[in-house]
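S.K.: Residue numbers (this note's numbering), protein chains in the order written: chain A, 1 to 324; chain W, 1 to 324.
One or more hints might be untrue.
One copy or two, it doesn't matter: identical chains are merged, so the pair holds either way.
With a straight-line cut-off of 27 Å between C-alpha atoms, the simulated BS3-like cross-links for lysine-lysine are [claimed, not checked]:
#1 Lys73 x Lys295
#2 Lys73 x Lys258
#3 Lys184 x Lys258
#4 Lys219 x Lys40
#5 Lys88 x Lys295
#6 Lys295 x Lys251
#7 Lys184 x Lys251
#8 Lys88 x Lys40
#9 Lys295 x Lys219
#10 Lys88 x Lys73
#11 Lys131 x Lys73
#12 Lys184 x Lys88
#13 Lys251 x Lys88
#14 Lys229 x Lys131
Please keep in mind that the hints were generated in silico from the structure rather than gathered at the bench.
Protein chains: 2
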Amino acid sequence: MGRWVIISTERARRPLEYQHEAPPARAATFCPFCPGYEDKTPHELFAFRERGTSPNGPGWNLRVFPNRFPALKIEGALDRQGEGLYDKMNGVGAHEVIVETPRHELLLSDLDEEAIERVLLAYRERINDLKRDTRFRYVMVFKNHGAAAGASIEHTHSQLIALPVVPINIAEMMRGARHHFEYKERCIFCDILKQELVDGRRVIYDNPGFVVLAPYAPKQPFETWVLPKLHTAAFEEAPTAGFRQLANALKTALRKLKVALDNPPYNFMLLTAPFADHGAQHYHWHIQIMPTLTKVAGFEWGSGFYINPTPPEDAAGFLRELET
Amino acid sequence: MGRWVIISTERARRPLEYQHEAPPARAATFCPFCPGYEDKTPHELFAFRERGTSPNGPGWNLRVFPNRFPALKIEGALDRQGEGLYDKMNGVGAHEVIVETPRHELLLSDLDEEAIERVLLAYRERINDLKRDTRFRYVMVFKNHGAAAGASIEHTHSQLIALPVVPINIAEMMRGARHHFEYKERCIFCDILKQELVDGRRVIYDNPGFVVLAPYAPKQPFETWVLPKLHTAAFEEAPTAGFRQLANALKTALRKLKVALDNPPYNFMLLTAPFADHGAQHYHWHIQIMPTLTKVAGFEWGSGFYINPTPPEDAAGFLRELET
């Protein structure tokens, strides 16, 4: 997919040699994402609730609402215009928060598989709803864990942003995947899965439906991917029967990273196909988990090349053998 | 150039509302980049020295040597090979450190223009030397200031990495610039300069040779570019007479950022043309300065889109009016 990474074994490091800021102890101070403070957030868009409880009150197991400080605003028609050499577009989009559990003291990886399955089903529910808005071309679901990874509220949550354009990284990944398909008439991710399962050195875990692996060219040390074994372009097209297995694979990946790297800050991104490419034979949705262990510095900004001190085979071997 | 940025005015922030880790007080403890410890670094490759002093001893005003922990190694022939679906190449390259001053207590922006000019001349000297090595296609010169921006040693220094491939960000910038040239027969950076100087809202400073401006789509708040007014594809082709003016523009940009943002961590990158594109009509070298004020989080990793809470016109206006 055109990604080159420098694996810098001169600087090779074992997992606990990476320093990161320790997440602060989970405080019992006011948290707007805790039950009882539903009036401190915008009105809820979706929730899994106990029978007999009402929206915008307690009794939920998972709750989705608009971000109070959205990067993009939901109102308004699309308006793209030139400004001399440049193009501008008004910032139409949706920016939502998915609070994954009412329990402030838990991390996503502490939840049981049923609760993680609910999180994944909530992603699907929101994507399918936003898809009906014809202004949007893509929904990016992501999670920031820890202040160093950009989280400003510690209560475990994910976010999504619906966009009126296909973002550049996705467009480039689609282009690479399409190029491979035109040449070989095979999905590049299916090819990667087949090669990795035979080779085994970069496989961290698998269950009947999903594979957890260290990608061949990881941008960050311990970058970890979760891929469905069954070819599917879009996450929201994935069969419901597989969601429990996805929850199992995601939990396993996050648990192993938590133990190996002492609860590192991390981001994960759900990389699904753009709406226009649903059903595509050349693309295959997956989740990328990116621990925040090194800084993005001048060389990375300038070149787009990443310097990674831990070979993916070492990272995978370490995570594979870890009991969690 | 295909860069889209979300300017998030809902979250608009004034300069000192950005929190960043304060650089530690400059300690008087052992520093391998200080005069008297030349034996703690690899052998020097280049220096500006007082008359009568010898390499690898004190008496220098600026000193260049190989990085002791290089991301890439200088020895070895290029060897690119397939590994199933993947490609790998051995890590041949040069990774050098440019210590900008013997004085540990100074920042680059504290140096006088003559000293900054020496830094720029040293970049040129090293690029021209590395260009003679036919294995290399590109030299990326960059600076990391502050731990949050990836600096591991506080004594002010820049780095360069010579690469056997043109890095992806540069290749994409060249493609964008070539596309503009094919369509308009003009350099896109010359067009940007002309438009920005007439418009004025994003101009921070200019002197007869250089313009300092806030780019139209800044990836980070207070991203600042230094561009030569004279079209030149490669930095090392720039006329020597202009180096003092470049020193003046770079110092002014860094001073203003230091005062406005309270000595922020930052990176800068010298974006010159690949060796193969020297003399190109479509590309125009420049320096990008990127303060580290926001985190690269899940949305940015996944989408390649950046969310910027400070419009470039506000950043430029603020920096323009600042007395330094």
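S.K.: Could you tell me which of the numbered hints above are not met by this structure, giving the numbers in increasing order?
M.R.: 2, 3, 4, 7, 8, 13
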